[in-house]
Structure formats: C-alpha cells, structure tokens
Amino acid sequence: MAKITSSKTSWLLLVLCTLVANSSAQLSSSFYKQSCPGALSIIKNAVVAAVNQEAHMGASLLCLHFHDCFVQGYDESVHLDSTSTIASEKDAFPNMNSLRGFEVIDDIKSQLENVCPQTVSCADILTVAACDSVVALGGADWPVLLGRRDSLTASQSAANSDLPSPDSDLSNLICFCQKKPKHH
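Each number in our numbering corresponds to the 1-based position in the sequence shown with 2 added.
Bear in mind the hints are in silico, worked out from the structure with no lab data behind them. Be a bit skeptical, because a hint or two may be false.
[To be verified] Below are the DMTMM-like pairs computed for lysine to aspartate or glutamate, each with C-alpha atoms no more than 20 Å apart in a straight line:
no., residue 1, residue 2
1, Lys-181, Asp-169
2, Lys-46, Asp-83
3, Lys-46, Asp-93
4, Lys-181, Asp-164
5, Lys-111, Asp-164
6, Lys-46, Glu-56
7, Lys-46, Asp-109
8, Lys-111, Asp-83
9, Lys-35, Glu-115
Kindly generate the complete structure, drawing on both the sequences and the hints.
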C-alpha cells in the first residue's frame, strides 16, 4: 500500500475523523449563547492571529485536536501535565516533541477567563480552534457542537496504543478512524 505523501490527504482525513466523531445529543452549537456570547469570536480572533503569525500553527492545532480525540475523546486530556497521579499524554511516545499549540489554547483560555470566568472548557476551545485554524488556512468550515467538559485525568498508555503510527498508510488510517467510538 502506498504511503500518504499528500498533506491535503492527511488534512482531509483529520477533518473527516473530526466530523464523524463530533456528534452527540447533549452538545449544541449555541451552548455558550447565554453564558459567554463572545466566546466563539474570541477563539476565532486568537486563532487567526496565531495562524497569521505562523501559518504552521493551523496544522498544529488540528493535529493537537486529533491527538486529543483519539485517546479519550474530545476532553483536552492531552493538555494535562504529569503529576504524582497523572502520567501525561504529552509524554507518550507519539506526542513527545511533536505536539504544538498548547500556548495558543492557554492564551485563548486566559482571554475567556477574563470575560466569562469558569465557563468555557478547554475541550471546547481546542475543538473550535481546530475548525477555525482550518478555515484560517482556506479550508472548509463545519458545525462545531459545544458543551464538552475538561478531563481531570490523562492516559499515557492509551496515547501510546491508540494513536496511529506516523508510518500508517491511508487504508490503515481509515480503519483507525472507523474503529474509534464516536466521542463528543
């Protein structure tokens, strides 16, 4: 089987996996309409600024989202640091020295905390930022459902076993996506 050589094919697959797994009855595109009406604008403006400063940041945010969803679902567990009780997903072999964009998510979270304290989850920030980064780079928009909660745990072992190899061919990646539960 041929290896993936086209970055467009990789992007398409990541977006497809995101769309397939991004559904649940509890989630709503208007989740923050009352509690933090400016949330989506704040996220979009920060992502556009980050991508304008460094175009590769768009791909980095999408990759960060992909690595997050493939392990425990869309819960931002990938962002948790190691502690005495948590082995961080950041330190898992597929993530070490490869994931970028944490500082963009931290900056957005800080901006949102100033406007709507303890309201917008980092999981939702990352999900919206992934979509906004694709749009900022000229890609398609998709409806983003909101209302996720942040994880308090991480699973380094799941990150080591559940993330596809960078050497995976397209057929293998499609199989990985099809086997994943439809997390929200």
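Verification of the supplied hints:
The suggested pairing of Lys-181 with Asp-169 holds, with an alpha-carbon distance near 18 Å, which does not exceed 20 Å. Annotation: proposed proximity of Lys-46 to Asp-83 is violated, straight-line Cα distance about 25 Å (limit 20 Å). Of the supplied pair hints, the one linking Lys-46 and Asp-93 is violated, its CA atoms being roughly 28 Å apart against a limit of 20 Å. About 10 Å separates the Cα atoms of Lys-181 and Asp-164, which keeps this hinted pair within 20 Å; it holds.
For a cut-off of 20 Å, the pair hint linking Lys-111 to Asp-164 is broken: about 27 Å separates their Cα positions. Pair hint Lys-46 plus Glu-56 holds up; C-alpha atoms about 15 Å apart against a cutoff of 20 Å. Between Lys-46 and Asp-109 the alpha-carbon distance is near 12 Å, which keeps this suggested pair within the 20 Å criterion. Under the criterion of a C-alpha separation no larger than 20 Å, the hint pairing Lys-111 with Asp-83 is consistent with the structure, at around 16 Å.
With a C-alpha separation of about 16 Å, the suggested pair Lys-35 and Glu-115 falls inside the 20 Å cut-off, and the hint holds.
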